[in-house]
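2 protein chains.
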Amino acid sequence: MSFVRSVIPEFEAANQKYAASFTKGNLPLPPGRKVAIVACMDARLDPAKVLGLEEGDAHVIRNAGGRTVDGLRSLVISQQLLRTREIVIIHHTDCGMLTFTDTEIKSKIRNELSENADHIAFLPFHDLRQSVLDDIEIIKKSPLVLDVPITGYIYDVKTGKLEKVQA
Amino acid sequence: MSFVRSVIPEFEAANQKYAASFTKGNLPLPPGRKVAIVACMDARLDPAKVLGLEEGDAHVIRNAGGRTVDGLRSLVISQQLLRTREIVIIHHTDCGMLTFTDTEIKSKIRNELSENADHIAFLPFHDLRQSVLDDIEIIKKSPLVLDVPITGYIYDVKTGKLEKVQA
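Chains as they are written, first to last, in the working numbering: chain A, 10 to 176; chain B, 10 to 176.
Do not take every clue at face value.
Pairs count within a copy or across copies, as identical chains cannot be separated in the list.
Derived pair list, reagent style PhoX-like, types lysine-lysine, alpha-carbon separation capped at 20 Å [what the hints assert, rightly or not]:
#1 Lys167 with Lys150
#2 Lys26 with Lys149
#3 Lys167 with Lys58
#4 Lys173 with Lys58
#5 Lys33 with Lys167
#6 Lys117 with Lys170
In short, the hints are calculated from the structure, not lab data. Every value quoted in this text rests on a predicted model; they were computed, and no experiment measured them.
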């Protein structure tokens, strides 16, 4: 398999510690602050810390780039079944999605894994600000998403600050 | 629009506070602990707190149910471009995905939004343990995902504890 040391023993020790002082066992299923966040999976971005979220507050949907088209299934479930009524999008500086093209990753997969990934749209982007505007637009245009307030941000991984993206 | 009070002023105030004491401005792009987490978007589950993650540690992919098939694009990018070499899956008790069927949500959308969502697989499940096993299997079988250690957990929203799911 791999010579990298597994994170599992550390994760399980951390979880024991978390559970030992756990006091949030009676929270309801629907998010208390009625908001769904769509954010990049990037390791440096912790949406709960960045936005001051507590357990029970918000749905947090994350994927490579924080792309809303990839989060559509989750957003519809969030709104239709769990009654969120606001959406916040967070992309960030120094994003991996700025470093490759769809063609490049497909070539890499063909060369290194001998597999064809032509059926996947990897959704990279070359303009960070535009990527946020595009992702707001995708939600606004989707007939499956309710007409709710949507706010888009760029998170700066160097400063910890959010910058609002205005059209 | 909506009479619900927006979360934005509170989110921006929380972010100012976070940024004011921010010390993590020099982290590299690839996750330091070389792991990708796939977890449910549920508001009560904070993967960073549950697993003891710091900024920079891990990719966190989240969607309704923590379904790996929906996270495949992100997992491939995580492994191919940012060199993660372990996967952890977290589903949880009292999950919204246990409360509906694909047919039911499609009917709801047809009735309430007058829209057809037949092109979306909403991926609900009726057996929590089996959903974790299924999601491990999907990754193991995908030729686009490297053969890396995969661990699946059920998070108990009442206790804060992770339970490992063994096949």
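Hints versus structure:
1. Lys167 with Lys150: Classified as neither; 33 Å inside a copy, 38 Å across copies.
2. Lys26 with Lys149: For Lys26 and Lys149, the Cα distance exceeds 20 Å both inside one copy (42 Å) and across copies (31 Å).
3. Lys167 with Lys58: within (15 Å within a copy, 22 Å between copies)
4. Lys173 with Lys58: within (17 Å within a copy, 27 Å between copies)
5. Lys33 with Lys167: between (32 Å within a copy, 7 Å between copies)
6. Lys117 with Lys170: This pair counts as neither: shortest intra-copy Cα distance 34 Å, inter-copy 39 Å.
Hint compliance for this structure: hints 1, 2 and 6 are not met, and every other hint is.
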